[in-house]
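With the hints as constraints, model all of the structure from the sequences given.
Each chain, letter by letter, is given below.
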Amino acid sequence: MISSRTSLKRRLTLWLIVIVAGLGTLLLIEAYTSARKAADRAMDGQLEAASLTIAESLQWPEGKPTLEMPASALQILATRWQERVFYWLQADNGVSITQNADLPITAAMQEQARHQPVYLDAVYDGRPIRLSGREVDSAGWDTQEPVQLWVGHTRRGRDLLAQELFRKSATRFAAMVLITAALVAIAMRTMLAPLRRLRQALRDRRADDISPLTLGVPQEMQELIETLNRLFADQRHHRDALLRFIADASHQLKTPLAGLQSTSELALTRRDPDAWYQALTTVHDSAERTSRLAGQMLSITRLQHLAPGHGRQPLMLDQLMREVAIDWADRQDSRDHDLGLAIDVDTPVWVEGERWALHELLNNLIDNACRYTPPGSEITLGLTIDDHDGDAERVILTIEDNGPGVDTESLARLTQPFERGQRQDTHGSGLGLAIADSIADRHGSHLTVSLRDPHGLRVSLTLPRCAPFEESET
Amino acid sequence: MRRRLHVGLILALWLSLWLPPGLSPGGPIGVAQADEKLIIEAALDRQIVDPMLAAFAAENPQIDLDYRDRSTLEVDQRARDHAKPPDVVISSAMPWQMALSNEGLAQPLEAPEVDQWPAWAKWRDEVFGFTFEPVVIAYRLELASHMPPPETHRDLLDLLTHYRQWLDGRVVSYSPRDSGVGYTLLQQDARYTPRMWDLIAAMGAANVQLEPTTQRMLEGLSDGRYWLGYNLLGSYALLWAQTHPDIIVQVPNDYSLVLMRMAFVHRDAPHPAAARRFVRFLLSQRGQHILAGQTPLFSVRDDVIGPYTAQRLRDQVGDHLYPIPINATLLAFVDSLRRQAFLRRWDREIQILSE
Numbered sequence: 000m001i002s003s004r005t006s007l008k009r010r011l012t013l014w015l016i017v018i019v020a021g022l023g024t025l026l027l028i029e030a031y032t033s034a035r036k037a038a039d040r041a042m043d044g045q046l047e048a049a050s051l052t053i054a055e056s057l058q059w060p061e062g063k064p065t066l067e068m069p070a071s072a073l074q075i076l077a078t079r080w081q082e083r084v085f086y087w088l089q090a091d092n093g094v095s096i097t098q099n100a101d102l103p104i105t106a107a108m109q110e111q112a113r114h115q116p117v118y119l120d121a122v123y124d125g126r127p128i129r130l131s132g133r134e135v136d137s138a139g140w141d142t143q144e145p146v147q148l149w150v151g152h153t154r155r156g157r158d159l160l161a162q163e164l165f166r167k168s169a170t171r172f173a174a175m176v177l178i179t180a181a182l183v184a185i186a187m188r189t190m191l192a193p194l195r196r197l198r199q200a201l202r203d204r205r206a207d208d209i210s211p212l213t214l215g216v217p218q219e220m221q222e223l224i225e226t227l228n229r230l231f232a233d234q235r236h237h238r239d240a241l242l243r244f245i246a247d248a249s250h251q252l253k254t255p256l257a258g259l260q261s262t263s264e265l266a267l268t269r270r271d272p273d274a275w276y277q278a279l280t281t282v283h284d285s286a287e288r289t290s291r292l293a294g295q296m297l298s299i300t301r302l303q304h305l306a307p308g309h310g311r312q313p314l315m316l317d318q319l320m321r322e323v324a325i326d327w328a329d330r331q332d333s334r335d336h337d338l339g340l341a342i343d344v345d346t347p348v349w350v351e352g353e354r355w356a357l358h359e360l361l362n363n364l365i366d367n368a369c370r371y372t373p374p375g376s377e378i379t380l381g382l383t384i385d386d387h388d389g390d391a392e393r394v395i396l397t398i399e400d401n402g403p404g405v406d407t408e409s410l411a412r413l414t415q416p417f418e419r420g421q422r423q424d425t426h427g428s429g430l431g432l433a434i435a436d437s438i439a440d441r442h443g444s445h446l447t448v449s450l451r452d453p454h455g456l457r458v459s460l461t462l463p464r465c466a467p468f469e470e471s472e473t
Numbered sequence: 000m001r002r003r004l005h006v007g008l009i010l011a012l013w014l015s016l017w018l019p020p021g022l023s024p025g026g027p028i029g030v031a032q033a034d035e036k037l038i039i040e041a042a043l044d045r046q047i048v049d050p051m052l053a054a055f056a057a058e059n060p061q062i063d064l065d066y067r068d069r070s071t072l073e074v075d076q077r078a079r080d081h082a083k084p085p086d087v088v089i090s091s092a093m094p095w096q097m098a099l100s101n102e103g104l105a106q107p108l109e110a111p112e113v114d115q116w117p118a119w120a121k122w123r124d125e126v127f128g129f130t131f132e133p134v135v136i137a138y139r140l141e142l143a144s145h146m147p148p149p150e151t152h153r154d155l156l157d158l159l160t161h162y163r164q165w166l167d168g169r170v171v172s173y174s175p176r177d178s179g180v181g182y183t184l185l186q187q188d189a190r191y192t193p194r195m196w197d198l199i200a201a202m203g204a205a206n207v208q209l210e211p212t213t214q215r216m217l218e219g220l221s222d223g224r225y226w227l228g229y230n231l232l233g234s235y236a237l238l239w240a241q242t243h244p245d246i247i248v249q250v251p252n253d254y255s256l257v258l259m260r261m262a263f264v265h266r267d268a269p270h271p272a273a274a275r276r277f278v279r280f281l282l283s284q285r286g287q288h289i290l291a292g293q294t295p296l297f298s299v300r301d302d303v304i305g306p307y308t309a310q311r312l313r314d315q316v317g318d319h320l321y322p323i324p325i326n327a328t329l330l331a332f333v334d335s336l337r338r339q340a341f342l343r344r345w346d347r348e349i350q351i352l353s354e
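Line by line, the protein sequences are chains L and G. Residue 0 is where the first sequence starts when you use numbering that gives the first Met the number 0, and the numbers rise one by one after that. Residue 0 is where the second sequence starts when you use numbering that gives the first Met the number 0, and the numbers rise one by one after that.
Quick list of the computed label-pair ranges, beta carbon to beta carbon:
hint : chain 1 : residue 1 : chain 2 : residue 2 : range
1    : L       : Q109      : G       : T160      : 48 to 56 Å
2    : G       : A118      : L       : D158      : 18 to 26 Å
3    : L       : R79       : G       : V316      : 26 to 34 Å
4    : L       : R126      : G       : Q164      : 53 to 61 Å
5    : G       : A118      : L       : A107      : 39 to 47 Å
6    : G       : G103      : L       : Q109      : 20 to 28 Å
7    : G       : R153      : L       : S95       : 38 to 46 Å
I should point out that these hints are in silico values taken from the structure, not numbers from a laboratory. C-beta atoms are modelled at their ideal positions from N, C-alpha and C, and glycine is treated no differently.
In structure tokens, the structure reads:
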């Protein structure tokens with residue numbers, strides 16, 4: 000079959016050739032048949048004339064049919080192509096009156112000719128001939144027996160005439176094909192011109208040019224252009240996001256570094272070891288935060304560049320949650336918060352995922368909740384069945400707090416990097432939810448952030464359950 | 000090795016020099032070809048056509064010519080003999096020749112001579128009229144001393160009417176029953192004028208004698224048995240008159256039929272190559288030149304000069320020469336029913352005045 004890499008022009012040409020050849024064969028067969036029919040029609044007239052001339056000469060003296068063969072009838076029968084001529088005259092009782100050839104006339108043919116004059120193809124002496132038969136009857140004083148008169152001739156004239164007609168048709172057809180080919184070639188050039196223009200426009204583009212294409216192209220190609228433009232827009236968007244991320248990251252890193260610098264400068268002007276100690280503590284805290292920030296930035300960049308779905312395997316989500324919760328309960332960061340676990344599903348809950356990523360997700364979500372809620376807030380890590388489709392095939396992982404929440408405008412932006420929901424009072428980097436969202440994205444889900452009544456924030460994501468992983472049991 | 004090759008080459012050259020020309024490979028005349036036969040069945044007197052045959056034999060010494068001279072009806076029978084078909088069929092019985100072609104017994108000939116041949120003298124590129132023989136009246140010289148010599152058909156009728164006693168039993172013509180030529184000529188006469196039947200009746204009244212060939216008529220005229228002959232082949236009559244000054248040949252002045260001898264290559268010719276060569280020779284300029292110069296058969300071709308050419312005959316006799324057309328109308332003459340009817344009428348007419 001035609002490979003999709005073959006040039007459009009070649010494909011079009013090939014199809015055209017196939018169509019023209021197919022149609023042409025049909026047309027030529029039709030032309031040949033109709034040429035033969037036309038030739039037969041024309042020449043059957045000669046048969047009829049000869050037959051009538053002979054019929055006119057028939058006489059019934061004393062009731063017996065007899066004939067003085069008219070010379071002109073044979074001349075008409077021979078035509079200008081000098082055919083071999085045949086005639087055959089038989090009385091009703093089957094007795095031959097006169098004939099010049101033993102024509103292959105069957106009883107069926109005779110029966111046919113009895114009702115009306117017939118014209119038939121036959122083979123005589125190994126050659127195709129054309130026959131015409133008629134029954135001749137004449138009024139008279141006595142009853143006269145009817146006679147059957149058959150005349151025929153060879154097909155030379157018919158063949159020549161048919162050939163001539165066919166040649167004319169074929170010539171017309173060939174001319175038509177040539178004209179069509181020329182027109183199609185021109186049309187093809189015209190049709191393919193927009194493609195060439197597009198290719199030229201793309202080739203002339205600078206590598207960093209991501210402005211939309213503006214080209215006058217046919218409707219069918221407009222979609223392609225639109226797709227390209229969408230791609231360009233995506234690219235632009237992506238690049239903008241990247242630039243913003245870099246700008247934000249620089250800014251985020253600059254602030255603690257500036258703090259470090261000013262603290263250490265201030266400490267250097269002092270001679271008091273206590274002040275040094277204080278300054279060093281501040282520097283230490285600041286360095287730790289900066290290091291964590293850098294780690295998170297690394298994490299999000301890594302998440303965005305790793306191919307999704309890599310290293311996925313079935314794991315017990317409820318177990319993982321339990322481990323993370325226990326881990327957090329021991330930490331300093333969550334000491335002031337009331338961290339709870341509410342698993343409201345038949346365990347174990349198997350999902351397919353990357354263990355490290357889900358671990359990171361949970362860490363980030365809990366860390367986030369701890370950071371942005373005042374001490375003493377309740378933080379609940381929950382797992383419920385998604386009863387939207389009612390088949391318990393999906394579970395919803397949630398983390399809820401009863402902190403202050405955010406205002407509605409920031410809600411949608413919370414999963415973007417460096418977004419803190421208008422909060423400047425924490426040491427959070429604003430990357431936690433962005434990382435969590437990236438991980439959710441890798442698992443074919445996404446974070447949904449909503450406000451709780453009366454206050455608080457609820458972050459959730461839906462994950463599909465999967466079949467238990469047998470080997471991990473053992 | 001190379002030396003041996005040389006020796007072989009020289010040996011071959013030496014041998015080829017010593018071989019007689021007839022045996023050398025690819026030579027013009029091979030021994031094997033020398034006895035190529037050619038069977039011609041012809042209704043054409045050998046002595047008349049002899050110069051043609053001699054010229055052909057001289058040009059084609061390898062062909063063994065078997066020329067069989069017969070009557071027209073015999074020739075027709077031979078041509079239909081499927082067991083022993085001849086190569087070439089020549090006959091003056093034009094309708095029968097046409098019938099043979101119509102029955103598919105002739106094979107078409109492809110040659111430049113055929114393309115050049117006038118369309119009115121050929122049929123289907125199979126059968127060719129290669130002579131142009133006027134049909135004449137012949138009479139004894141002494142006839143003129145008793146009555147005005149006939150120059151037209153009407154004169155003939157007048158003579159038969161006014162000098163019936165004189166001419167009683169001394170008029171001769173073709174027998175339409177025994178001669179295809181005679182039958183054809185009468186049919187053609189009857190096509191041109193219905194008064195032909197008056198002539199038949201008058202001849203019948205004068206106790207016309209019927210002969211199967213022109214030769215017999217001429218012999219009778221020379222013997223003095225006959226005084227007046229009607230519908231003789233001009234070719235034979237003219238040749239005869241050259242050696243028999245007491246016989247006068249008259250091409251009728253009102254109209255004169257012209258008969259053409261027709262030749263074709265038989266479909267089942269056992270020696271088709273030789274047959275084609277012979278017919279091409281008949282039609283060629285050289286063949287026709289011999290025809291015009293050395294036989295009284297009259298050449299059909301315009302580009303041939305000689306005493307006996309169609310062109311010269313036209314110049315001498317005027318434009319009342321009516322060649323019997325070579326076309327399908329001739330086939331009607333051989334229709335058995337038509338032939339029977341014609342002969343019945345002939346029988347009736349020839350007796351109509353005697354009763």
